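Protein chains: 2
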Amino acid sequence: MLTITLLGTAATMPLPDRALSAAFAACGGHGLLWDCGEGTQAAAHRAGVNLMRADAICLTHYHGDHIFGLPGLLQTLGAQGRTRPLALLGPEGLSDIWAAVRALTGPLPYPVKPQVLMPGQPLALDALSEGWPAGARLVPFATKHRVKSLGYRLELPRAGKFSPEQARALGVPVQQWKLLQKGQSVAVEGRTVQPVQVLGAPRRGLSVVFSGDTAPCPGLLQAAQDADLLLCDATYALPEQEAQARQWGHSTFGQSAALAAQAGAKRLWLTHYSPMITDPEEYAEQAQGIFPAAECGFDGKSITLQYEEVQP
Amino acid sequence: MLTITLLGTAATMPLPDRALSAAFAACGGHGLLWDCGEGTQAAAHRAGVNLMRADAICLTHYHGDHIFGLPGLLQTLGAQGRTRPLALLGPEGLSDIWAAVRALTGPLPYPVKPQVLMPGQPLALDALSEGWPAGARLVPFATKHRVKSLGYRLELPRAGKFSPEQARALGVPVQQWKLLQKGQSVAVEGRTVQPVQVLGAPRRGLSVVFSGDTAPCPGLLQAAQDADLLLCDATYALPEQEAQARQWGHSTFGQSAALAAQAGAKRLWLTHYSPMITDPEEYAEQAQGIFPAAECGFDGKSITLQYEEVQP
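Residue numbers (full-length UniProt numbering), protein chains in the order written: chain A, 1 to 312; chain B, 1 to 312.
Derived by calculation from the structure, the hints in this document are not laboratory data.
Wrong hints could be hidden among the right ones.
Below, in silico cross-link-like pairs of lysine to any residue (SDA-like), each with a Cα-Cα straight-line distance of 20 Å or less [as the list claims (entries may be wrong)]:
#1 B:Lys182 with B:Arg203
#2 B:Lys113 with B:Asp96
#3 A:Lys266 with A:Glu240
#4 A:Lys266 with A:Glu285
#5 B:Lys178 with B:Gly160
#6 A:Lys301 with A:His30
#7 A:Lys178 with A:Gln194
#8 A:Lys161 with A:Arg204
#9 A:Lys182 with A:Lys148
#10 B:Lys301 with B:Thr3
#11 B:Lys266 with B:Val139
#12 B:Lys148 with A:Pro107
#13 A:Lys113 with A:Trp98
#14 A:Lys148 with B:Asp17
#15 A:Lys113 with A:Ala79
#16 A:Lys182 with A:Ala127
#17 A:Lys148 with B:Gly106
#18 B:Lys113 with B:Ala79
#19 B:Lys113 with B:Gly81
#20 B:Lys148 with A:Thr105
#21 A:Lys182 with A:Pro122
#22 B:Lys161 with B:Lys182
#23 B:Lys178 with B:Phe162
#24 A:Lys301 with B:Leu15
#25 B:Lys266 with B:Pro218
#26 B:Lys161 with B:Val174
#27 B:Lys266 with B:Ala293
#28 B:Lys148 with A:Leu15
#29 B:Lys178 with B:Lys148
#30 B:Lys148 with A:Gly106
#31 A:Lys148 with B:Thr105
#32 A:Lys144 with A:Gln222
#33 B:Lys301 with A:Leu15
#34 A:Lys266 with A:Met1
#35 B:Lys301 with A:Asp17
#36 A:Lys301 with B:Pro16
#37 A:Lys148 with B:Arg203
#38 B:Lys301 with A:Lys178
#39 A:Lys182 with A:Gly131
#40 A:Lys301 with B:Asp17
Since we're looking at a predicted model, the values are computed, not measured.
Can you make the complete structure from the sequences, with help from the hints?
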């Protein structure tokens, strides 16, 4: 079970009802914050999202509209009593940004651990915190913006169905079932029992993709394959703005929709709207005409994704 | 004529309807921004305040809740086409803060001119921009917080009433009247005419005080003398919180009111509320019982102060 909440859907500058770029992925008591534009804290408060649960802040790039909420959020987490570490993830260039942010915040009562991520090198989330399901991972991928930038795919795999009957037949004590369910083998009376002996075929997990700022590109297309939800750059509304979008390293509503369709994503939420777009809903058809499951994102829009229950 | 707008009235952390510390003073097409907490841009947008008019940003001190809106605002002013210089004023320590902010914003399309101000050394505002009335000045004063901090008194003096009859009698051509009105002497047919010859006694001007974060202190008491409006630290609501207020370098509603009364201020607006204060109006009596002209500030609260018209 994974709850995704858009916190800020504005590009460039905040508007009264549109904070700058940020989204939160919550899984149990844990979570990831994607980007942290100015206004992220207030938006989270408004949306009922508790950012204390964040294990990591995952930055897509270092343009101001994606990072200027960081100093304030880091201080607030400290004021709220955080002592456990917070990972600060992002593409190359992170150390300079972190140095400037740290100069503004001063010392914090918890460790911030900056870590540069490389496209295609996944991060196991149970390395950040034990609360994540086994195998959960964050896969950074290269996007196409004006600066070095990443998008992120969050994957929660789901093991096959556990068979208590099989486990009992193999003599595995109940206390060890959890290890097998987590994919670890166990020793039983001198024998080794493998997970595959007690688990059915792996089931469909959950995956969500946060594009960051990008023009349509192979990295995003691949990352969005079969995704349950794609949060995608939709800076420009109209097809006639494609040249402008390309120039600035962004996408139009239609381009995002076409990519979601081609990738076989289940849902698409448009975000990162230019301040020129007063009401994104006016242009929803630009995306829905191409990909009917497209929706306009807005600050506070949220969905809880459940594992599919396949009927036998 | 001077319009004061509270942009953010929160202390420590932003709340959904309360941005962090900031206030704008507008005079004609010009203005000063006092402090710049996170959310200042969006609050200004909401309140209809155009921050492009700012000639200076006047920081009271460098705690995050007073400065973390800076990087975003500076970038937005650039995106909106600013090319004219912006003064960045504050107490000692400004260069480190400016270095960190600049590292986050990158190059801006207009010059930012940091300038450290010392208590008691006024800044002539016509040095920042020609739009300010003659003699307008910003007077920084020492406040009592946990770090080096300033408050600001903005003064718009008002010359005596100009007498066209006197000017005509002295043979001053109409084109030169403006110079006399601005306090400059003019040469007329070999004679020098002084402003005092054509102006009545100086009239009451306008003054507004922004306390920043402070416990009651002599600097603030002096600055608030006869002020038309005092925007004052009111972090804590209740008298029993005075020890806490003192410890953290803040004031209670009642302390701010007592100071306003003692200083003979005309109006007091409370601001910089602790997040523990859900609705400041519930505690208004704590201030109004001591100083009836006290009002609770809120984001977007605004007043236009006019010069007094004294009836002859």
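Okay, the hints, checked on the actual structure:
1. The hinted pair formed by Lys182 (chain B) and Arg203 (chain B) meets the criterion: a straight-line CA distance of about 14 Å does not exceed 20 Å.
2. This hinted pair checks out: Lys113 (chain B) and Asp96 (chain B) have alpha carbons roughly 14 Å apart, not beyond 20 Å.
3. Of the supplied pair hints, the one linking Lys266 (chain A) and Glu240 (chain A) is violated, its CA atoms being roughly 26 Å apart against a limit of 20 Å.
4. A threshold of 20 Å between alpha carbons decides the hint, and for Lys266 (chain A) with Glu285 (chain A) the separation of about 17 Å falls inside it, so the pair holds.
5. Only pairs whose Cα atoms come within 20 Å are accepted, and Lys178 (chain B) paired with Gly160 (chain B) is accepted, the gap being roughly 13 Å.
6. Between Lys301 (chain A) and His30 (chain A), the direct Cα distance comes to roughly 19 Å. Compliance with the 20 Å bound is thereby established for this hinted pair.
7. Of the pairs offered as hints, the one joining Lys178 (chain A) and Gln194 (chain A) holds, with about 12 Å between alpha carbons and a cut-off of 20 Å not exceeded.
8. For the given pair, Lys161 (chain A) sits about 11 Å from Arg204 (chain A) by alpha-carbon distance, which is consistent with the 20 Å threshold.
9. Straight-line distance between C-alpha atoms of Lys182 (chain A) and Lys148 (chain A) comes to about 36 Å, which puts the hinted pair past the 20 Å bound.
10. Proposed proximity of Lys301 (chain B) and Thr3 (chain B) is supported: the alpha carbons are some 11 Å apart, at most 20 Å.
11. Under the criterion of a C-alpha separation no larger than 20 Å, the hint pairing Lys266 (chain B) with Val139 (chain B) is consistent with the structure, at around 19 Å.
12. Proximity of Lys148 (chain B) to Pro107 (chain A) is assessed by CA-CA distance (about 18 Å); at most 20 Å being required, the pair is judged to hold.
13. The hinted pair formed by Lys113 (chain A) and Trp98 (chain A) meets the criterion: a straight-line CA distance of about 10 Å does not exceed 20 Å.
14. Under the criterion of a C-alpha separation no larger than 20 Å, the hint pairing Lys148 (chain A) with Asp17 (chain B) is inconsistent with the structure, at around 35 Å.
15. Proximity of Lys113 (chain A) to Ala79 (chain A) is assessed by CA-CA distance (about 18 Å); at most 20 Å being required, the pair is judged to hold.
16. The suggested pairing of Lys182 (chain A) with Ala127 (chain A) holds, with an alpha-carbon distance near 15 Å, which does not exceed 20 Å.
17. Pair hint Lys148 (chain A) plus Gly106 (chain B) holds up; C-alpha atoms about 15 Å apart against a cutoff of 20 Å.
18. A distance of roughly 18 Å separates the Cα atoms of Lys113 (chain B) and Ala79 (chain B); the hinted pair therefore holds under the 20 Å criterion.
19. For the suggested pair Lys113 (chain B) and Gly81 (chain B), the alpha carbons sit about 17 Å apart, so the restraint of at most 20 Å is met.
20. Taken as a hint, the Lys148 (chain B) and Thr105 (chain A) pair is honoured in the structure, with Cα atoms around 16 Å apart against an allowance of 20 Å.
21. Of the pairs offered as hints, the one joining Lys182 (chain A) and Pro122 (chain A) holds, with about 19 Å between alpha carbons and a cut-off of 20 Å not exceeded.
22. A distance of roughly 11 Å separates the Cα atoms of Lys161 (chain B) and Lys182 (chain B); the hinted pair therefore holds under the 20 Å criterion.
23. Restraint check for Lys178 (chain B) and Phe162 (chain B): the C-alpha separation of about 10 Å stays at or below 20 Å, so the hint holds.
24. Note on Lys301 (chain A) and Leu15 (chain B): the hinted pairing holds, with a Cα-Cα distance of about 19 Å set against a maximum of 20 Å.
25. The hinted pair formed by Lys266 (chain B) and Pro218 (chain B) meets the criterion: a straight-line CA distance of about 18 Å does not exceed 20 Å.
26. Restraint check for Lys161 (chain B) and Val174 (chain B): satisfied, since their Cα atoms lie roughly 16 Å apart, inside the 20 Å limit.
27. Proposed proximity of Lys266 (chain B) and Ala293 (chain B) is supported: the alpha carbons are some 7 Å apart, at most 20 Å.
28. Restraint check: the Cα-Cα separation between Lys148 (chain B) and Leu15 (chain A) comes to about 33 Å, which exceeds 20 Å; the hinted pair is violated.
29. Between the alpha carbons of Lys178 (chain B) and Lys148 (chain B) the distance comes to roughly 42 Å, so the proposed pair goes past 20 Å and is violated.
30. Our distance criterion of 20 Å between C-alpha atoms is met by Lys148 (chain B) and Gly106 (chain A), whose separation comes to about 15 Å.
31. For the proposed pair Lys148 (chain A) and Thr105 (chain B), the alpha carbon gap of about 16 Å is at most 20 Å, so the pair holds.
32. Distance hint between Lys144 (chain A) and Gln222 (chain A) is fulfilled; the C-alpha atoms sit about 13 Å from each other, no more than 20 Å.
33. Only pairs whose Cα atoms come within 20 Å are accepted, and Lys301 (chain B) paired with Leu15 (chain A) is accepted, the gap being roughly 19 Å.
34. Between Lys266 (chain A) and Met1 (chain A), the direct Cα distance comes to roughly 16 Å. Compliance with the 20 Å bound is thereby established for this hinted pair.
35. For the proposed pair Lys301 (chain B) and Asp17 (chain A), the alpha carbon gap of about 19 Å is at most 20 Å, so the pair holds.
36. Distance check on the hinted pair: Lys301 (chain A) and Pro16 (chain B) sit about 16 Å apart at the alpha-carbon level, within 20 Å; holds.
37. Simply put, Lys148 (chain A) and Arg203 (chain B) have alpha-carbon atoms about 60 Å apart, too far for the 20 Å limit, and the pair is violated.
38. Taking the CA atoms of Lys301 (chain B) and Lys178 (chain A), the gap is about 58 Å. The hint is violated against a cut of 20 Å.
39. A C-alpha spacing of about 13 Å is found between Lys182 (chain A) and Gly131 (chain A), which places the hinted pair at or below 20 Å, so the restraint holds.
40. For the suggested pair Lys301 (chain A) and Asp17 (chain B), the alpha carbons sit about 19 Å apart, so the restraint of at most 20 Å is met.
Violated hints, in rising order: 3, 9, 14, 28, 29, 37, 38; the structure is consistent with all others.
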